[in-house]
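*Asks:* Given only the sequences and the hints, what does the whole structure look like? Please build it.
Residue numbers (our numbering), protein chains in the order written: chain A, 1 to 310; chain B, 1 to 312.
Hints were generated in silico from the structure; no laboratory data involved.
We treat Cβ as the ideally placed atom computed from N, Cα and C, and that holds for glycine.
It is possible that part of the hints are untrue.
Stretch by stretch, here's where chain A covers chain B in the computed footprint (C-beta under 8 Å, at least three residues) [to be verified]:
id: 1; segment: 105-118
id: 2; segment: 162-174
In silico DMTMM-like cross-links for lysine to aspartate or glutamate, where the CA-CA straight-line distance does not exceed 25 Å [unchecked claim]:
id: 3; chain 1: A; residue 1: LYS33; chain 2: B; residue 2: ASP203
id: 4; chain 1: A; residue 1: LYS33; chain 2: B; residue 2: ASP213
id: 5; chain 1: B; residue 1: LYS32; chain 2: A; residue 2: GLU273
id: 6; chain 1: A; residue 1: LYS203; chain 2: A; residue 2: GLU137
id: 7; chain 1: B; residue 1: LYS32; chain 2: A; residue 2: GLU200
id: 8; chain 1: B; residue 1: LYS32; chain 2: A; residue 2: ASP208
id: 9; chain 1: A; residue 1: LYS108; chain 2: A; residue 2: GLU164
id: 10; chain 1: A; residue 1: LYS33; chain 2: B; residue 2: ASP114
id: 11; chain 1: A; residue 1: LYS33; chain 2: B; residue 2: GLU162
id: 12; chain 1: B; residue 1: LYS116; chain 2: B; residue 2: ASP213
id: 13; chain 1: B; residue 1: LYS116; chain 2: B; residue 2: ASP203
id: 14; chain 1: B; residue 1: LYS208; chain 2: B; residue 2: GLU305
id: 15; chain 1: A; residue 1: LYS34; chain 2: B; residue 2: GLU120
id: 16; chain 1: B; residue 1: LYS208; chain 2: B; residue 2: GLU76
id: 17; chain 1: A; residue 1: LYS297; chain 2: A; residue 2: GLU273
id: 18; chain 1: A; residue 1: LYS297; chain 2: B; residue 2: ASP167
id: 19; chain 1: B; residue 1: LYS116; chain 2: B; residue 2: GLU204
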Amino acid sequence: MSQTATMSGTPAAVPVDTAGPRGPKPKPFFTPKKIIIYTTLVFFSLYFLFPLYVMIVTSMKTMPEIRFGNIFSLPSAFNFDAWGRAWTSACTGLTCNGLSPGFWNSVKITIPSTIVSIFIAAVNGYALVNWRFKGSEIFFAILIFGSFIPYQVMLYPLVMITRELGIFGTLPAVILIHTIFGMPILTLLFRNYFASLPQELFKAARVDGAGFWRIFFEIMLPMSLPIFVVALILQVTGIWNDFLFGVVFAGTQNLPMTVQLNNIVNSAQGTPEYNVNMAATVLTGLVPLIIYFVSGKLFVRGVAAGAVKG
Amino acid sequence: MADTAVQLEQGAGKSSRPNLLNRIFLHNLPAKIAATPMVATVLIVFIGCTIWTIYYSFTNSRLLPTGQFVGFAQYERLFSNNRWNISVTNLISYGVMSLFLTLGLGFLLAVLMDQKIRFESAFRTIMLYPFALSFIVTGLVWQWIMNPTLGLQGTMRNLGWENFTFDWISNPRMVLFALLIAGLWQGVGFCMILMLAGLRGVDEEIWKASRVDGIPTWRTYVSIVLPMMRGVLVTAVVLIGSGIVRLYDLVVALTNGGPGISSEVPAKYVYNYMFGGGNIGQGLAAATMMLLTVLIIMVPWAYLEFGGKGRR
Chain A
1 MSQTATMSGT PAAVPVDTAG PRGPKPKPFF TPKKIIIYTT LVFFSLYFLF PLYVMIVTSM
61 KTMPEIRFGN IFSLPSAFNF DAWGRAWTSA CTGLTCNGLS PGFWNSVKIT IPSTIVSIFI
121 AAVNGYALVN WRFKGSEIFF AILIFGSFIP YQVMLYPLVM ITRELGIFGT LPAVILIHTI
181 FGMPILTLLF RNYFASLPQE LFKAARVDGA GFWRIFFEIM LPMSLPIFVV ALILQVTGIW
241 NDFLFGVVFA GTQNLPMTVQ LNNIVNSAQG TPEYNVNMAA TVLTGLVPLI IYFVSGKLFV
301 RGVAAGAVKG
Chain B
1 MADTAVQLEQ GAGKSSRPNL LNRIFLHNLP AKIAATPMVA TVLIVFIGCT IWTIYYSFTN
61 SRLLPTGQFV GFAQYERLFS NNRWNISVTN LISYGVMSLF LTLGLGFLLA VLMDQKIRFE
121 SAFRTIMLYP FALSFIVTGL VWQWIMNPTL GLQGTMRNLG WENFTFDWIS NPRMVLFALL
181 IAGLWQGVGF CMILMLAGLR GVDEEIWKAS RVDGIPTWRT YVSIVLPMMR GVLVTAVVLI
241 GSGIVRLYDL VVALTNGGPG ISSEVPAKYV YNYMFGGGNI GQGLAAATMM LLTVLIIMVP
301 WAYLEFGGKG RR
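*Replies:* This is the structure:
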């Protein structure tokens, strides 16, 4: 192996000596400036990667291995026992059914919340751009400012409202809350996107007699797939990662995965099983991580959307 | 004014009432239906619920919000409560450190990323992935790393550094730095992305001009590029700042306020009094103080951002 490496290295070095001065002077790779830049970046990368490494490695160790006390060491074998127990039998204070109920609760919360919040925000953004009415801009401005109000300020009245509606402690309540608090950022996202589309299309459709909904479904929707994907990424990760709304509004039967994870790790009795804890943590982080690594640039776009001014 | 003219005109002929009704409700009806959720959210949640909270923070509500008006009594109790005062001090210390370090490190990393380096997208992926994870996951991983016996400290001691100390999570004087390490881990990548977008938005001509004038690179960054990025900086400050005021999940997962009450924060205080302590009035007063804090951050920003646009 090392032989091939040196052999492939040598011929690459030879032309540099013999080629003579042709083209622009090649910059040496190892300038002091470059060394400083790469060293700093690698140092920070280690800081960012270390917890992921520790999380995965610990989840595959056995408890005796962990008690040996080396957080860096690799597990002696690829051992997914802890993952199995985290999924099916880890105790959350009261019950010992593992994380799987939390996972399915999170799925039940995330899917409808994402669909409802995105649909409402998309229609709203479209109305704000193409069908302005008196006061629409004022309401939008308050909506954006409202997104900075701490949730704790509106939490108790919302508990009372959902109680009045008879949905407190059920899935519809969480879905409603996610739709409300997702609205500012999503509306901003869609409004900016629809405003960037050529207005001639809208006008032509108007002249041809198409109405509000027809233009939305037949012209705007087919053109706005990318922004829907961005909104989808934003909402799925945001709702999946939510803790506060789940713990307040979902009710004990529907606690999302983040809440159950916290219960498993922080309120479990007896000797802590760090491998099970870390396996549960990896499992909870897996959904947003997969979305992040698959979506790449679109995630960055969704994240930066918060910074785009309206 | 134009409206009055229209009304007068119409009033001369037929009754103006149906037209007025028509203008408010029926004209552009589908758009108004589509915007109903937004209007309801703004009126009921953002305005209504906020006013409700402020109003009832002046009552002595305990288990139910039916109490009588007691003036500033809840606020007096709030600021004579040791736990609240610790929460506020913690939030200020954590907030100042977190804001400056997030901005500083975010800018530093963005500058390094902007030097036409190799593997840029790999570095970006590595720096931003923690932002995709929840605060609960972040808190629990760092809790494990900072475990005094089996985490980083224990490992280093087993490896031979007998005096290696990293017990911040169980040390009341250092626990805020433990929160800071986890918070920075989660948020610096996001700040870096914002800053990088700002740096890329600076005109290439600026760089050429400063190179012709022989200005050192660091000087160009500090004196020319940073001031030009004002918009991005202000946005970053507002986003990071409002995130800091909301700080809750991370504390619950990493320390749960401990050791003792040394890492309590206001958002946790509000939650505990509203849903755990059966003292709603107290929780609402604390929530109102959180709102006030955000307003102190927001109003100057709103003035800077939108104050000049009033002429439009």
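*Asks:* Please check whether the segment 162-174 of chain B has three or more residues whose CB lies within less than 8 Å of a CB on chain A.
*Replies:* violated (count 0)
*Asks:* Check the hint pairing A/LYS33 with B/ASP114 against an upper bound of 25 Å on the C-alpha distance.
*Replies:* holds, 13 Å
*Asks:* Going straight from one Cα to the other, do B/LYS116 and B/ASP213 come out at no more than 25 Å?
*Replies:* holds, 22 Å
*Asks:* Going straight from one Cα to the other, do B/LYS32 and A/GLU273 come out at no more than 25 Å?
*Replies:* Violated - the C-alpha atoms of A/GLU273 and B/LYS32 are around 55 Å apart, more than 25 Å.
*Asks:* Given the hinted pair A/LYS33 and B/ASP213, is their Cα-Cα distance within 25 Å?
*Replies:* holds, 21 Å
*Asks:* Straight-line Cα separation of B/LYS116 and B/ASP203 no greater than 25 Å?
*Replies:* Between B/LYS116 and B/ASP203 the Cα gap is close to 16 Å, so the pair holds against 25 Å.
*Asks:* With a Cβ-Cβ cutoff of 8 Å, does the segment 105-118 of chain B contain at least three residues near chain A?
*Replies:* holds (count 7)
*Asks:* Taking only the CA atoms, is the gap from B/LYS208 to B/GLU76 under or equal to 25 Å?
*Replies:* Between B/LYS208 and B/GLU76 the Cα gap is close to 59 Å, so the pair fails against 25 Å, i.e. violated.
*Asks:* Is the Cα-Cα distance between A/LYS203 and A/GLU137 25 Å or less?
*Replies:* Holds: A/LYS203 and A/GLU137 sit about 21 Å apart, inside 25 Å.
*Asks:* Would the hint linking A/LYS34 and B/GLU120 be met if the CA-CA limit is 25 Å?
*Replies:* Answer holds: A/LYS34 to B/GLU120 is near 14 Å, not above 25 Å.
*Asks:* Between A/LYS33 and B/GLU162, is the straight-line Cα distance small enough, at 25 Å or below?
*Replies:* violated, 36 Å
*Asks:* Given the hinted pair B/LYS208 and B/GLU305, is their Cα-Cα distance within 25 Å?
*Replies:* violated, 30 Å
Hints 2, 5, 11, 14, 16, 17 and 18 from the list above are not met by this structure, while the remaining hints are.
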